[in-house]
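Between the sequences and the hints, there should be enough to build the whole structure, so can you do that?
Note that the protein sequences, when read in sequence, are chains G and W.
Numbering follows my numbering, with no gaps: position 146 of the first sequence is 132.
Numbering follows my numbering, with no gaps: position 95 of the second sequence is 261.
No lab work stands behind these hints, which were simulated from the structure alone.
Heads up, some of the hints might be wrong.
Stated by the list, open to error - Listed below are several chain W residues computed to face chain G (Cβ distance under 7 angstroms; list not exhaustive): (1) Ser200; (2) Val299; (3) Arg300; (4) Ala328; (5) Leu346; (6) Arg350.
Being a predicted model, the structure only gives us computed values, none of them experimental.
Beta carbons are placed, not taken as given, at the ideal position from N, Cα and C, and that holds for glycine.
Chain residues, written in single-letter form:
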Amino acid sequence: MIPEEQQDQAGLYALGLLEPDQTAAFELALSGNAELRALLRELREATGELALTVPAQTPPESLRRRVLSEIALRAQEPTPMAQERSSRVWVPWAIAAALLVFCGLLAIDRVRLQQKLTEVRAEDPLMQTVFFTLAPSEAGPAGAKATVAWLPGLQTGVIRITNLPAPASGRDYQLWAVDAVHKDPISAGVVRVDKNGVAQIRFKTVEMAQNVKAFAVSVEREGGVPKKEGPIVLVGTA
Amino acid sequence: MAFETPQQVSDREMIVKVARGETAAFRALYDRLSGPLYSLALKMLNDAGEAEDALQDVFVQIWSRAKTYDPDQSSVFTWTVLLTRSRVVDRLRARERRLRVVTAEEQGRKVGDASTAASAADIVDKNEEVVRVRSKLNELPSEQREAIELAFFTDLSHHEIAARIGQPLGTVKARIRRGLLKLRERLTT
Chain G
-13 MIPEEQQDQA
-3 GLYALGLLEP
7 DQTAAFELAL
17 SGNAELRALL
27 RELREATGEL
37 ALTVPAQTPP
47 ESLRRRVLSE
57 IALRAQEPTP
67 MAQERSSRVW
77 VPWAIAAALL
87 VFCGLLAIDR
97 VRLQQKLTEV
107 RAEDPLMQTV
117 FFTLAPSEAG
127 PAGAKATVAW
137 LPGLQTGVIR
147 ITNLPAPASG
157 RDYQLWAVDA
167 VHKDPISAGV
177 VRVDKNGVAQ
187 IRFKTVEMAQ
197 NVKAFAVSVE
207 REGGVPKKEG
217 PIVLVGTA
Chain W
167 MAFETPQQVS
177 DREMIVKVAR
187 GETAAFRALY
197 DRLSGPLYSL
207 ALKMLNDAGE
217 AEDALQDVFV
227 QIWSRAKTYD
237 PDQSSVFTWT
247 VLLTRSRVVD
257 RLRARERRLR
267 VVTAEEQGRK
277 VGDASTAASA
287 ADIVDKNEEV
297 VRVRSKLNEL
307 PSEQREAIEL
317 AFFTDLSHHE
327 IAARIGQPLG
337 TVKARIRRGL
347 LKLRERLTT
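This is the structure in structure tokens:
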């Protein structure tokens, strides 16, 4: 059974009305909840149907030509219209070809620069650091915040938390990495705050994270859990 | 994957071909979807030129992002509607102009007009699906209909919607969710 609050969030998510932090928290919840995903699909379909309630208008034929011409260019194949044109149309094509060559040169230059940047980054792991700012979710305590410095190359990071009250007895805070290629969030271990609600901890994810999109802190059973179960209290993207 | 109507299956087959770079399939998809998507863009933007530009952006996105379409998340039609709405909202925000089409009262009247059996729009549409969806939308309690129409057809945030209709945020969220679920339920039974 999905809590009503989460169902409401799903409605707003389907309409694109959630704030970025709320979106990240909702997507985190979505990743491990098939029932919530099914509800979201229903809500999305209802949203799609709303478009049919609008009085029908016919788009102009000129728009069709514009769109199909652009797509034909993108597909790098001539449109039927282009085939009918006279041979004088070579001029714009020549300009386009010149631009293409110019863009190619720029692309080569960009690749070179990227290679150089990669080399520099490889030499100094600190250059790879990505910073995430975590803010309270709707269920989280107002005023709590955290910053994560994540080094993807070393698969390690540091989290600093402030103003986060200690969890209830028998509970622990647990850090999670939301990775684009993993269905479920990856555990980065239990995080314990001191009596002032502060923690600064070095962590490592339990699995290889390839493309971390967000970090989140949830309340879990004491000692932590292998798969996220409890509510998110802090969440944030890079 | 959820149950699919024959039209949804056909749309999905077309988008697979579009993802492979087949322009003929793209043309077919354009002919199938441009009407409702243009109508939506025009209603929200209230400007034919801007609606055309938005629709061009949307179809270029469909072409370039067809490979990312996920049938588990939505039907092709819904996916393109949400892409269109997103592009239109970007444009509305960019020009910092609130939608003039919808105020709560105006919308009530407009929808009321549309629900009339002999409404002009219905006669023009001659489209059973459109009439059916309109009719089901009109069957929703007016406060739910108002909330989801403001949420869908404008670029207002949920906080702004709550302020507009003078209700607490939690009430607005619940009305949106209940309205959408009720609409979906009525359309699928």
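Query raised in the report: Checked against the structure, which of the hints given earlier come out wrong?
Result: 4
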